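**Student:** So the chains spell out like this:
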Amino acid sequence: MSEDRTKKEICVELPQVPKAGGSYAVVKLFGGKFLYASGCGPILDDQTWKGRLSEEYTTDEGYRAAANCIRNMLAAIQAEIGDLGKIRSFVKLLVFVAGPADYGQQSQVANGATDLLLELFGDPCGRPARSAIGVSSLPNHIPVEVEALVELEEQD
Amino acid sequence: MSEDRTKKEICVELPQVPKAGGSYAVVKLFGGKFLYASGCGPILDDQTWKGRLSEEYTTDEGYRAAANCIRNMLAAIQAEIGDLGKIRSFVKLLVFVAGPADYGQQSQVANGATDLLLELFGDPCGRPARSAIGVSSLPNHIPVEVEALVELEEQD
Amino acid sequence: MSEDRTKKEICVELPQVPKAGGSYAVVKLFGGKFLYASGCGPILDDQTWKGRLSEEYTTDEGYRAAANCIRNMLAAIQAEIGDLGKIRSFVKLLVFVAGPADYGQQSQVANGATDLLLELFGDPCGRPARSAIGVSSLPNHIPVEVEALVELEEQD
Chain A
17 MSEDRTKKEI CVELPQVPKA GGSYAVVKLF GGKFLYASGC GPILDDQTWK GRLSEEYTTD
77 EGYRAAANCI RNMLAAIQAE IGDLGKIRSF VKLLVFVAGP ADYGQQSQVA NGATDLLLEL
137 FGDPCGRPAR SAIGVSSLPN HIPVEVEALV ELEEQD
Chain B
17 MSEDRTKKEI CVELPQVPKA GGSYAVVKLF GGKFLYASGC GPILDDQTWK GRLSEEYTTD
77 EGYRAAANCI RNMLAAIQAE IGDLGKIRSF VKLLVFVAGP ADYGQQSQVA NGATDLLLEL
137 FGDPCGRPAR SAIGVSSLPN HIPVEVEALV ELEEQD
Chain C
17 MSEDRTKKEI CVELPQVPKA GGSYAVVKLF GGKFLYASGC GPILDDQTWK GRLSEEYTTD
77 EGYRAAANCI RNMLAAIQAE IGDLGKIRSF VKLLVFVAGP ADYGQQSQVA NGATDLLLEL
137 FGDPCGRPAR SAIGVSSLPN HIPVEVEALV ELEEQD
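Residue numbers (this note's numbering), protein chains in the order written: chain A, 17 to 172; chain B, 17 to 172; chain C, 17 to 172.
In short, the hints are calculated from the structure, not lab data.
Keep in mind that the hints are not guaranteed to be accurate.
[Claimed, not checked] DSSO-like mimics (lysine-lysine), calculated; alpha carbons at most 30 Å apart, straight line:
#1 C:K35 to A:K49
#2 C:K49 to A:K49
#3 A:K102 to C:K35
#4 B:K102 to B:K35
#5 B:K49 to B:K66
#6 B:K66 to A:K102
#7 C:K35 to C:K49
#8 B:K66 to C:K66
#9 B:K66 to B:K102
#10 A:K35 to A:K66
#11 A:K66 to C:K66
#12 B:K102 to C:K66
#13 B:K49 to C:K66
#14 B:K102 to A:K66
#15 B:K102 to B:K49
#16 A:K102 to A:K66
#17 B:K49 to A:K49
#18 C:K102 to C:K35
#19 C:K102 to C:K66
#20 A:K49 to B:K66
#21 C:K66 to C:K35
#22 A:K35 to A:K49
#23 A:K35 to A:K102
#24 C:K49 to B:K49
[Said to hold, decoys possible] Listing some non-contacts, in silico: residues in chain C with all C-beta distances to chain B over 10 Å:
#25 E29
#26 L30
#27 S39
#28 R68
#29 F112
#30 E163
[To be verified] Far from chain C by the CB rule (all over 12 Å, computed), these chain B residues:
#31 G47
#32 L69
#33 R80
#34 V113
#35 Q122
#36 A148
Computed from a prediction, not measured in an experiment: that's the story for all the values here.
Note that CB positions come from ideal geometry on N, CA and C, so glycine has one too.
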């Protein structure tokens, strides 16, 4: 199964490793077998993502933004641990969706993140617990931000 | 004490187990002795909960909504682990309260969640760390959402 | 290094231990070697902090508010564990910044928290993973709130 996952990992085209937007670590290892991935945004390559759901972006676009957040996160995790096959399980995602008071499709947006994890890592590894919430705004006006708690395989 | 908690558990009337509103797990076990409960909303049975605090709902109603979130969460946890007596401690709650910029009673709303945990599980098991925040909106326009990190008793 | 950290700790002037604003624990130990610090606000001594970023407060003031949140949190952690030298690592910060839809400087505000941790605890101990988000409002209208997951040194 670990082998299988390693193969799948090869199918993921990962973007450049995102840089921290401040005095923090994009990925922090802890407790010998866990890591926390900081809130990652949706910007890949030279894309511009500025705006809120139901204003500048549709829910479908938000879904793609959430998937982008995961791509950035996986690039950061791979840079830290060397091999995504070491991931035992995505434990918990927190998905922040910028939008106005009358926007209620945060779950559909967040599915962009967890659908991709399920496709890449399978069930149950790629099916975390999750909260999706609507926030007034995010750093640099990105529409979506995703953070994750991840459990790693035990080291031998 | 564990026996005592099991008895108390019998006094909780749990609602139907809530279904995940997307591609995630409502409860995710990890690290051999922890679980994360996804953001749970306040809808029990055929109730309607749509709106924000200080608009459609008073702080007292928000308090009851937060308690409902915990009832749903406990139903989901029991479905996953079989027995709420296996819970060693509620570690951390994150309570999201939908409301406008001038609403500041998020702590009072969140007490609806932690007061119920204290009543059911006692102190310190039912007294977690907690953050309560005001958000612009939540999935499907629910007024309150609660997620939790929970520590379980060690398995023999 | 542990010694060094203990010395540094002496250089921190800690405020009074903050009281919980509801039925929760300001600091909750768990898993034998972790703690969660509840969302801490910026109020030290008799200061007033009421308002939102880009309205009542500039980003520089928000930066100082975030540092205050950490001072309050460290006071609470020290009261719980007795010695800040027992902290192995700040794992993850979640920084809530109250502001309007068009505010996008949450990362700069959050740097007020992590810059102080880096100054006091060094790298990598004081460099956690971090998410910074813009929320509509916070309890009692404080502008910034910070929660933290912390790993402790193993007990002998």
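**Student:** Please verify whether K35 (chain C) and K49 (chain A) have alpha carbons no more than 30 Å apart.
**Tutor:** violated (33 Å)
**Student:** Is the straight-line distance between the alpha-carbon of K66 (chain B) and that of K102 (chain A) 30 Å or less?
**Tutor:** Judged against 30 Å, a Cα distance of about 42 Å means the pair is violated.
**Student:** Is the claim that A148 (chain B) lies outside the interface with chain C correct, judged by CB distances over 12 Å?
**Tutor:** violated (6 Å)
**Student:** For the pair supplied as a hint, K102 (chain C) and K66 (chain C), is the alpha-carbon distance within the 30 Å limit?
**Tutor:** violated (34 Å)
**Student:** Hint check: K66 (chain A) vs K66 (chain C), CA-CA at most 30 Å. Holds or violated?
**Tutor:** holds (28 Å)
**Student:** Given the proposed pairing of K102 (chain B) with K66 (chain C), does the C-alpha separation stay at or below 30 Å?
**Tutor:** Distance ~42 Å between K102 (chain B) and K66 (chain C) Cα, so the pair is violated.
**Student:** Starting from K35 (chain A), check that the Cα of K49 (chain A) is at most 30 Å away, please.
**Tutor:** holds (23 Å)
**Student:** Does K35 (chain C) sit within 30 Å of K102 (chain C), going by the straight-line distance between their CA atoms?
**Tutor:** holds (22 Å)
**Student:** Is the Cβ of L30 (chain C) farther than 10 Å from every Cβ of chain B?
**Tutor:** At roughly 19 Å from the nearest Cβ of chain B, L30 (chain C) sits farther out than 10 Å, so the non-interface label holds.
**Student:** Would the non-interface assignment of E163 (chain C) survive a Cβ cutoff of 10 Å against chain B?
**Tutor:** Given that some Cβ of chain B is not farther than 10 Å from that of E163 (chain C), nearest at about 5 Å, it is violated.
**Student:** Beyond 10 Å from every Cβ of chain B: is that where the Cβ of F112 (chain C) lies?
**Tutor:** violated (5 Å)
**Student:** Check whether the Cα positions of K49 (chain B) and K66 (chain C) lie no farther apart than 30 Å.
**Tutor:** violated (40 Å)
Against the hints set out earlier in the document, violations occur for numbers 1, 3, 5, 6, 9, 12, 13, 14, 16, 19, 20, 27, 28, 29, 30, 31, 32, 34, 35 and 36.
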